[in-house]
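Q: Here's the letter readout for the chains.
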Amino acid sequence: MKHLVISGMLMIILSCLICLSQITIITPSKSMKIIDSMSKGVDWLESQTLDRFEIAVNILHFLSPPPASKKAINLLDWILKEAPRRGLMSSTLEYVLRYFDLHESHPELYELMLKGTYLALNDLYENGFHKCHGTLLFYEIYVHYAFLGYARAKRVETLLNLPPLLSTKFEEIMRERIDFMIENEGSWYPKDEYGGYVGRNAWALMMLSKLGFTVKELPELKKTVNFLLEHRDKELGIWGKPEKTR
Amino acid sequence: MLGCEGGDCSSKVAVEIVDGLGEVMYTAAAVIGLLRNKVSPGDEKIQRSIDFLLNAQKPDGRWRPIYDANWPEDFKSYFWDPDYIATILVLRAFKEYLKACNVDLIELAKKRGRENLVELFEPVYDEEQLLLITQEKLLPVKNSLIEEYRFLEKSFEKYLKKEVEGS
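Protein chains in written order, with this note's numbering: chain A, 1 to 246; chain B, 1001 to 1167.
Since the hints were derived computationally from the structure, they do not count as laboratory data. Beta carbons are placed, not taken as given, at the ideal position from N, Cα and C, and that holds for glycine. One should not assume that every hint holds.
Pairwise CB distance ranges (calculated) [to be verified]: (1) 1123/B to 78/A: 12 to 22 Å; (2) 176/A to 1106/B: 42 to 52 Å; (3) 230/A to 1128/B: 20 to 30 Å; (4) 230/A to 1051/B: 16 to 26 Å.
Below are the DMTMM-like pairs computed for lysine to aspartate or glutamate, each with C-alpha atoms no more than 20 Å apart in a straight line [claimed, not checked]: (5) 33/A to 1107/B; (6) 40/A to 1083/B; (7) 222/A to 1043/B; (8) 1095/B to 1119/B; (9) 1095/B to 82/A.
Chain B side only, calculated, beta carbon under 8 Å to chain A, not exhaustive [said to hold, decoys possible]: (10) 1029; (11) 1036; (12) 1042; (13) 1099; (14) 1108; (15) 1109; (16) 1112; (17) 1116; (18) 1119; (19) 1124; (20) 1132; (21) 1133.
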């Protein structure tokens, strides 16, 4: 009984310490500085009049998942009214569907988006996307579509009867990419003489998390996390210049 | 998607454009990606990145993709306005960071009198209302969007047939 009480108390102390360490990560002055800076940034975005559609979509991305605020709903309203006039913007539509949990009620739109990704991927693979084949840019675009297709296939397969070939194809492509990443110590891209491949991995990690894949769903991503943490500052200009060069 | 001058993505111009996305954008992307993948906001690298991003803000409120360089003005015509994207990415990185630190963004914005953030984030509808509103708003555009997607169908069938024949 006595041991139980002691271990219980130790557990409470430990949780308090963990809470305390979370609280002290950010000082009140720093959090205020961030809020002020964010407010200034939003002011700048809203003051731009060059392309209101792009700004509105970007603000919606920033809000993601959008809160049920009046401003978010107004933005959505405006974007949906404007989207058809602007031509199709599947990524915008996908964000809208996903963020507002509408994909279940409109699975046919998802199916079409998935088909579109499949076509783009095929085109990219077969035609080498003009002269980009073999370059880092080719890899970037290819990986982008592979992620997008995989995420869409995963999402749609629970809603619709996909042609088996389509979902299998995306599974295969993604497996291939994951194997490549593992062989390359966490990098989704080959090392490039121009540099920039570390930053692209930061982008890839962000994109995957946006599509719903983190280390929880894809444990292999731990390798990319480590890759980024290890490569910080080693390559100039990638996630912040080293102190001495600022 | 990224653009290539004259379709030639291997040209130096294209390489410079793509690699020039810049440390501000990549730093923000890294912060978002790492925080979502269970890296602690207390990690020294995250903290330094946040400080870097705070210092990188321009006096008018925007962020530019590169910390201490001017972005070529004609780049805008390629595919996007890089300042928008850089600004949005940094804002998202800050939001992600505050969330990871358990800071209530709305409460803090209210305390600081930052009404523009309160208006953006403070919920005024419950879940049920939100679903009704969004479904209603999506309906009128749904059909026209489906129509625009239809052109994909034919090409898709063609590719699928080719795949089946290939296998």
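Q: If a hint holds in the structure, say so; if it does not, say that too.
A: Checked hints:
1. 1123/B to 78/A: 12 to 22 Å: holds (19 Å)
2. 176/A to 1106/B: 42 to 52 Å: The hinted range 42 to 52 Å holds for residue 176/A and residue 1106/B, with Cβ atoms some 44 Å apart.
3. 230/A to 1128/B: 20 to 30 Å: violated (47 Å)
4. 230/A to 1051/B: 16 to 26 Å: holds (21 Å)
5. 33/A to 1107/B: holds (14 Å)
6. 40/A to 1083/B: holds (14 Å)
7. 222/A to 1043/B: Judged against 20 Å, a Cα distance of about 16 Å means the pair holds.
8. 1095/B to 1119/B: holds (15 Å)
9. 1095/B to 82/A: Violated - the C-alpha atoms of residue 82/A and residue 1095/B are around 27 Å apart, more than 20 Å.
10. 1029: holds (4 Å)
11. 1036: holds (4 Å)
12. 1042: Holds. Min distance 4 Å.
13. 1099: violated (11 Å)
14. 1108: holds (5 Å)
15. 1109: holds (6 Å)
16. 1112: With a closest approach of 5 Å, the residue 1112/B hint holds.
17. 1116: Holds: closest Cβ of chain A sits about 5 Å from residue 1116/B, inside 8 Å.
18. 1119: holds (5 Å)
19. 1124: At about 5 Å, which falls below the 8 Å cut-off, the nearest Cβ of chain A leaves the hint on residue 1124/B intact, so it holds.
20. 1132: violated (11 Å)
21. 1133: holds (6 Å)
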